[in-house]
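*Asks:* One line per chain: the protein sequences are A and B, in this order.
So the first sequence is residues 282 to 1048, counted in this note's numbering.
So the second sequence is residues 3 to 151, counted in this note's numbering.
Calculated directly from the structure, the hints in this document are not laboratory data.
Misleading hints may appear alongside valid ones.
As the list claims (entries may be wrong) - Covered by chain B, according to a simulated footprint, are these stretches of chain A (three or more residues, beta-carbon under 8 Å):
id: 1; segment: 284-294
id: 2; segment: 481-492
id: 3; segment: 924-936
id: 4; segment: 958-972
Glycine residues also receive a C-beta, built at the ideal position from the N, C-alpha and C atoms.
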Amino acid sequence: MGYVGKGIKKIDGMGLIKGASSYTEDIALGHNYLTVKLLRSPHAFARIKNINTTIASKIEGIECILTYKDVTDKRFTLAGQSFPEPSPHDRRILGEYVRYVGDEVAIIAGTDEETVLKAMKLIKVDYEILEPVLDFEKAIDHKSIIHTEKPYTSFNYGNEHMRNIAAQDLLVEGDVEKELAKSDVVIEHSYHTQAQIHGMMENYIAVTYMDFQDRMNIISSTQIPFHVRRHVSKILDIPRSKIKVIKPRVGGGFGGKQTAPMEIYPALVTKVTGKPAKLVYNRKETHTCTTTRHEMKLTVKLGATKDGIINAVDIHGLSNTGAYGEHAWTVFSVVGQKTLPMYRAKARRFYGEVVYTNMTTAGAFRGYGATQGTFALESAVNELAKKLDMDSSVIREKNLVKQGEVNPTLNSFVGEKSIVLDSSTLDECITRGKEMIGWDKKYPMQKISPTKARGVGMAVTMQGSGIHGIDTASATLKLNDDGFYTLLVGVSDMGQGCDTVVAQMAAEILCVPVSKIIVNSTDTDVNPYDPGAYASSGTYVTGNAVIKAANLMVEKIVGGASKILNIPEEDIEFNGESLLLKDGKEISLDEIAYRLVAYEGQNQIITTGTWGGHTSPPPFIAGFAEVEVDLETGKVEMIDYAAVVDCGTVINPNLARIQVEGGVAQGIGLALFEDIKYDAKGKMISDTFMQYKIPSRCDVGEIRVEFKPSFEHTGPFGAKSIGEVVINTSAPAIADAVANATGVRVRTLPITPEKVLMGILNTKHSN
Amino acid sequence: MEIKLKINGINKEVTIKDGEYLQSALKRLGFLNVRKGCETGSCGLCTVLLNGKPTLSCSTLAVRGIGKEITTLEGESVEVAKFAEVLTDEGADQCGYCSPGFTLTVIAMKRELESPTIDEIKHYLTGNLCRCTGYMGQLRAVKKYMEVK
Chain A
282 MGYVGKGIKK IDGMGLIKGA SSYTEDIALG HNYLTVKLLR SPHAFARIKN INTTIASKIE
342 GIECILTYKD VTDKRFTLAG QSFPEPSPHD RRILGEYVRY VGDEVAIIAG TDEETVLKAM
402 KLIKVDYEIL EPVLDFEKAI DHKSIIHTEK PYTSFNYGNE HMRNIAAQDL LVEGDVEKEL
462 AKSDVVIEHS YHTQAQIHGM MENYIAVTYM DFQDRMNIIS STQIPFHVRR HVSKILDIPR
522 SKIKVIKPRV GGGFGGKQTA PMEIYPALVT KVTGKPAKLV YNRKETHTCT TTRHEMKLTV
582 KLGATKDGII NAVDIHGLSN TGAYGEHAWT VFSVVGQKTL PMYRAKARRF YGEVVYTNMT
642 TAGAFRGYGA TQGTFALESA VNELAKKLDM DSSVIREKNL VKQGEVNPTL NSFVGEKSIV
702 LDSSTLDECI TRGKEMIGWD KKYPMQKISP TKARGVGMAV TMQGSGIHGI DTASATLKLN
762 DDGFYTLLVG VSDMGQGCDT VVAQMAAEIL CVPVSKIIVN STDTDVNPYD PGAYASSGTY
822 VTGNAVIKAA NLMVEKIVGG ASKILNIPEE DIEFNGESLL LKDGKEISLD EIAYRLVAYE
882 GQNQIITTGT WGGHTSPPPF IAGFAEVEVD LETGKVEMID YAAVVDCGTV INPNLARIQV
942 EGGVAQGIGL ALFEDIKYDA KGKMISDTFM QYKIPSRCDV GEIRVEFKPS FEHTGPFGAK
1002 SIGEVVINTS APAIADAVAN ATGVRVRTLP ITPEKVLMGI LNTKHSN
Chain B
3 MEIKLKINGI NKEVTIKDGE YLQSALKRLG FLNVRKGCET GSCGLCTVLL NGKPTLSCST
63 LAVRGIGKEI TTLEGESVEV AKFAEVLTDE GADQCGYCSP GFTLTVIAMK RELESPTIDE
123 IKHYLTGNLC RCTGYMGQLR AVKKYMEVK
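Working from the sequences, and respecting the hints, build out all of it.
*Replies:* Structure (structure tokens):
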């Protein structure tokens, strides 16, 4: 192989570091955009009794002020998912009710920021304040009903809006109660995972304008340009053919930009005024008024024999979707889908509810439910090991699903055909991870001094690669007249390097350097359909489409040459650079490319491959944490994190390694620091990087990464996904390491010094 | 208000608003990669060099730049290109949004610290947040660039 498996530089990297104009704000210049801002609710739950914009509208330079009285009452979801969107349609552009602090009340557009802010202050809103639901455990059947109107749902996933339930899920196989009853040991614990802020460095931004063909142009920092087109068309009643979405370089997404939280507002302003409009969220709005990870409480019951054979896994979940149901059911169902197949139990069940509250809306976030589920399940397995007095790596050796085994929950929907686990080296990942961290020497803990203890802990997890039966991507290749290629894809590179990875795959098949493949992933007018960058689908789904397009390209080049040269195809060999003819002659690709498009050939070669999978093969990771705990203060310091990953074939080792390091670090944030705090009235107070602490480079310790490649037969060159799976093991591995160091098991994230210290003091007290 | 600023070695007459910060003034002048990520001086994206020292331009008044050498990414193109090579070699460029501020801080550090330890490097760069890379790849690149073993 020439290009696959090589740590090739990211094709956009040099330009980005040298500061080339590449992001939405850089390229959206020169249109005299109206400044758009949103007046937001100061109350967690209220009805707008009256809203007066008369005085505000008179300010010079104000172009429009829109309230719920001025906009359609059509309902929709902003989740960026394949049609039909499996999220409840419970939003309006603006509504009579506001459902969290920050909910949109009015859209104001004017010539500049000062003018708009001046007008904003002059809008008079009379609210009838309602009692908010701020504790998700009290949401079901609360006397406040957050959505009294029945939301549209594309199928029945248990939305019971009058009980504040957005969705429910049940995934079951075998008789859980019977297996639990038969078990020698049953443990049951509840685990709480907090909401998390994506914290990408580039805030949300979108600009809109009408072009010379009277088409709505939207430039947006998004992971889902094609879904944005569908949303805007449907919500604002503009034919899809009249909308063009451009996605420039994206300054990070992590699933946040899989929801389209703001594009509709400037688009509406442009529709109403005919003028270009620009909406930029500041950091506070990015934290408060977009989406977060779903907060969850997961109660896990495990039944096992005294030898550590797990008989039953039973997980009840409660998830907090906040004010609106973006990704409510899908994230929740992934909790079960990515935990139940891990262990070879006879019976397994996941069930529970997703509830509405008057808090910031939750949505997609790297890991997508698997993160929450993994924290709960892996913590429970570690606790079971403790109870059985067993090494926690040994209990996994006895129970983990292995390559070649048939698994009924691997296919997400029980009742469908059981799926064979085609590829997994998870057992090798565990063996290697143990060596890397020095498990046998250090497990479970070492006392460093009278006040310091070090512990090691572990966790394993899986994710999917694309969504089987749904995710379908296309890729188009064009042989240009000068002998280089353009590769058109619709997947969104937000930094992870998928443009580079797909270029490597095309280069491999076309036998040309990556520099001869120009990747365009920018524009819904030009690029073929792709659901976007989410569900770990870039390398796997789009990659497969690229391979199809590239194979077809080779075929067509040979066919085209055969016609021009009047030589049978079998007498032509294509080596990427040139065509070698049987008589010894050689014609360069450059020449043939030119002759094909010119009068002689009249054959511009463009090929398209479309691909969707029947399975979502899981990548795996084994994560091992070593922490040092200060027994006097409870402070946990990251010392070392060893991660060993099976993502099938590693297409680009450098980029894959960074995905792992970045995911582990984001998981360390979830484990130790990141916490969204609300005041008593439901206002988010950790709404900047001052209060909301993402890890800095002094907080993550050492992160070490290795790969144990498997070969996934359905994957491009044997590859599976990597972007999401890597975030999931940090929290449970760290929680286990802390428990091993101190004897204190923290089941509520984040693991703050207060919780650890209180645990230590309570243990001392009870002793 | 009219002030004189020396940006990347060139003197400029600049009209600023009352209380305007250097970040917004530079952006208006077309230095688009002087970015803003947090508004609270927490993320380091807006870092420029003032007399060679990394400075948060989002919380430095534009008038503070009077009489000083202001350097943006454009003013350090040779060093930027060198560092870009090692950073992309590691694959640690990722979304790139934090790169301008981070790169300028690294360049200043190389001039300021002689044979720093790893801890000194981390400490110098703590104020530059990155959500993509997990920092390890950046550290490998910085070590190469600084020729630290």
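*Asks:* Next step is simple, just say for each hint if it's right about the structure.
*Replies:* Now the hints, each set against the structure:
Note: the segment 284-294 of chain A has 5 residues with beta-carbon separation from chain B under 8 Å; the three-residue rule is met and the coverage holds. Evaluation of the coverage hint for the segment 481-492 of chain A: fulfilled, as 4 residues show C-beta separations to chain B shorter than 8 Å, against a requirement of three. Figure legend: the segment 924-936 of chain A, annotated as covered by chain B; annotation consistent (3 residues with Cβ-Cβ distances under 8 Å, at least 3 required). With a cut-off of 8 Å between beta carbons, the segment 958-972 of chain A has 3 residues touching chain B; three or more are needed, and the interface restraint holds.
Hint check: no violations occur; every hint is consistent with the structure.
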